[in-house]
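Peer 1: Position chain B relative to chain A; hints supplied.
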Amino acid sequence: MKRDRTRDAVLLVPGLAWLLLFFAVPLAIIFVVSLGHRDQYGGVLFDRIGLENYLRALEPDFLPTVANSLKYAFATTFFSIVIAYPIAYWISRYGGRRKALLIVLVMLPFWTSWVIRTYAWMIILRDNGVVNSVLGAFGLPGPIQLLNTDLAVILGMTYGFLPFAILPLYVSIDRLDPALVQAARDLYASGRSAFFHVTLPLTMPGIIAAALLTFIPAIGDFVTPDLLGGAQTTTIAKIVQTLFLSARDWPFGAALGFLLIVVTIVGTVAGLRFLRREVIG
Amino acid sequence: MSQIHRLQPSRRPLSRRTMLRGMAGFGAAAALGPTLAACAAGATPSPSSAGASPSAGASAAASASPTPVPTPESELFVYNWADYIGEETIGAFEDKYGIKVTYSFFSSAEEMSAKISTGNSGFDVTFPTSTYIKGYIEQDFIQPLDLSLIPNAVNLAAEWVDPGYDPGNKYSMPYMWWTTGVAYDTAQIEDELTSWSALWDERWKGKMAMLDDVREVFAAALIRLGYDINTTDDAQLDEALALLQQQKPLLRTYTTDDIGVLSTGDVWVMHAWGADVYQVQEERDTVVYYIPEEGGVRGSDTMVLLANAPHPVAANLFIDFMLDAQIAAANTNYIGYMGPNEAAKEFIDPAILEDPTVNPDSALVAKLQEILDLGEDEVKYTERYTKLRSGA
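Chains as they are written, first to last, in the numbering used here: chain A, 594 to 874; chain B, 11 to 402.
By construction, these hints were calculated from the structure, which means they are not laboratory data.
It cannot be assumed that every hint is accurate.
A few chain A positions that, by computed beta-carbon distances, are all more than 12 Å from chain B [to be verified]: (1) D601; (2) A668; (3) V675; (4) P679; (5) G732; (6) I858; (7) G860; (8) R866.
Cross-link-like lysine to aspartate or glutamate pairs, in silico, EDC-like; alpha carbons within 16 Å at most [claimed, not checked]: (9) K397(B) / E652(A); (10) K110(B) / E85(B); (11) K144(B) / D383(B); (12) K258(B) / D654(A); (13) K397(B) / D654(A); (14) K390(B) / D243(B); (15) K390(B) / D632(A); (16) K377(B) / E303(B); (17) K144(B) / D632(A); (18) K390(B) / D238(B); (19) K180(B) / D156(B).
All residues carry an ideal CB built from backbone N, CA and C; glycine is no exception.
The following block holds chain A by itself, in its conformation from the complex (with noise of 0.2 Å):
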């Protein structure tokens, strides 16, 4: 068929457009915001434009925080595939005619708001909720202290970014030809063998897709650190939001905000890149 070099212009406006009104345009005027400062009352004055709230932003004192955020995103990425493979493995492979039915179940908590969930926890993990009435029952020293620690941030997360890690992989998962593992069998692999060279491998960009879906909105969630965690567990998110609605200092906050976005865009962008060349091939 002709390429009509036209009708494709025209069929990738929309989505070009949507980027540009949704993408584009809001980063942009963050980037504007950030170059301003904080007037008295908390709105943004434009006399001083510089880039002194990034020089600020890069300040050693934000190093906790950006710590503290990374650690939270890699632990939930990490625990969120762990979990999730065999979850997707199972349903890919013994699912059956009910498979449609149990990504349905999988996706299912998406219809409680994510606020109310993370209360859920929270009266979970209190000294006295679930868990620590369960332990003493049983007589066990003392209530051990849950919420408002690095253990609950990294459950909730966990928790809640599960469903994005399950989908890719199971997708990915899916589409492996079980011949192929039939074919590592027949020719003397092990089981455990068969999966670490061809499962494993074949699955991977699956694992890529799960880890991007998981670790970038983890490294901007704010509202589980929040409610979960502690006067110890600031984000780099949490951050930005005293910023904006306490604080009330924009200017910053957007720099922070900035940071943080072109961060994760460049991550992304290799990450993908790697899947490109590495993987796909």
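Peer 2: The following block gives chain B in isolation, referenced to the frame of chain A:
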């Protein structure tokens, strides 16, 4: 090859396209969820009460308002915190004047500020904290009240007339006031606590919390150091920051949900708003509140008339109505906050009047400091607060 294919059970795997389509739908919902939820979960600098205090059944019938009024508009739009008005107040106002009221909520002062800063929010009356008034006047967000339509202003207690933030009550009328101090659970702590230093006590490491509010947190430290809570002296503020940084490892969390955190028992000692403790006591009656001996903070919410309000006459009448003795009392009895209305005291539930957490005596109130808007110097506080929250 063909044999292998025949051995496979016939199945149509979900193609990537169908899967992505489904994911997109759920993904959109999931992605929007946290954002929308986060708006609701945003920081609230002012206390928001969430429970019902025992209603003394104060009648909602208002005493007649004596001024002959010009014809009011037929509608009114009011913007307030949730659970911050008496149960039947709106209904009573509608009955008295035949004005239809649309009553909307905000969950943070910032949210409210953002909305009214557009200049044509469509609202007539809102309830900002007194610290915002000066800024609002200068930015022309609010307009002067028509005091001829507000004869009930005489009901105000003397100390509330002509406040520093709004001389002559030209732009605002006070609504409710509160104090900030320390709450603790007597079931867990045997000592009788009386000082701010309780929040720095190593014995209760991991069982303490502070309010997530820039000025309140610094006020606690500044009072403990003996300084003015509205200081702009960098050395004093740095000292306060150092003190707060010492405290941080002992804290469990910073939050504005003092009611929630004290009610669940996770926290034994907390920096809290007095009137909120009134509601905590319904869940956990061993929690008590005190204003520390070194001093405390008091604040108030006010009623203002927005610039470009579409229904100014109705708005002024509403503010007047809220200052009516019985209506003010009904409000207090329902939400548990104390008002500035002297005449209302006759109708307020005695339990509230005698409750020192909600209504401390005037000698104590005189010791309290009010947080003032420092204009350009606010940034001295916000920078340090950000440092405090982000540091180790």
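Peer 1: Could you run down the list of hints and mark each one as holding or not?
Peer 2: Cross-check of the supplied hints:
Non-interface call for D601(A) relative to chain B: holds, since the shortest CB-CB distance, roughly 20 Å, exceeds 12 Å. Distance check for A668(A) against chain B: the nearest CB is about 18 Å away, which clears 12 Å, and the non-interface claim stands. Every Cβ of chain B is farther than 12 Å from the Cβ of V675(A); the closest lies at roughly 21 Å, confirming the non-interface assignment. Non-interface call for P679(A) relative to chain B: holds, since the shortest CB-CB distance, roughly 19 Å, exceeds 12 Å.
For G732(A), the condition that its CB be more than 12 Å from all CB atoms of chain B holds, with the nearest at approximately 20 Å. Listed as outside the interface, I858(A) is consistent with that label: its C-beta sits roughly 16 Å from the nearest C-beta of chain B, beyond the 12 Å cut-off. The claim that G860(A) lies off the interface holds: its Cβ sits roughly 18 Å from the closest Cβ of chain B, which is beyond the 12 Å cut-off. The beta carbon of R866(A) sits about 20 Å from the closest Cβ of chain B, which is more than 12 Å, so the claim that it is off the interface holds.
Note on K397(B) and E652(A): the hinted pairing holds, with a Cα-Cα distance of about 10 Å set against a maximum of 16 Å. Between K110(B) and E85(B) the CA atoms are separated by roughly 5 Å; this keeps the pair inside 16 Å, and the hint holds. The suggested pairing of K144(B) with D383(B) holds, with an alpha-carbon distance near 8 Å, which does not exceed 16 Å. Annotation: proposed proximity of K258(B) to D654(A) holds, straight-line Cα distance about 15 Å (limit 16 Å).
Taking the CA atoms of K397(B) and D654(A), the gap is about 6 Å. The hint holds against a cut of 16 Å. Annotation: proposed proximity of K390(B) to D243(B) holds, straight-line Cα distance about 9 Å (limit 16 Å). Annotation: proposed proximity of K390(B) to D632(A) holds, straight-line Cα distance about 12 Å (limit 16 Å). For the hint pairing K377(B) with E303(B), the CA-to-CA distance comes to about 9 Å; that is within 16 Å, so the pair holds.
Annotation: proposed proximity of K144(B) to D632(A) holds, straight-line Cα distance about 14 Å (limit 16 Å). Between K390(B) and D238(B), the direct Cα distance comes to roughly 15 Å. Compliance with the 16 Å bound is thereby established for this hinted pair. A C-alpha spacing of about 8 Å is found between K180(B) and D156(B), which places the hinted pair at or below 16 Å, so the restraint holds.
Hint compliance for this structure: every hint is met.
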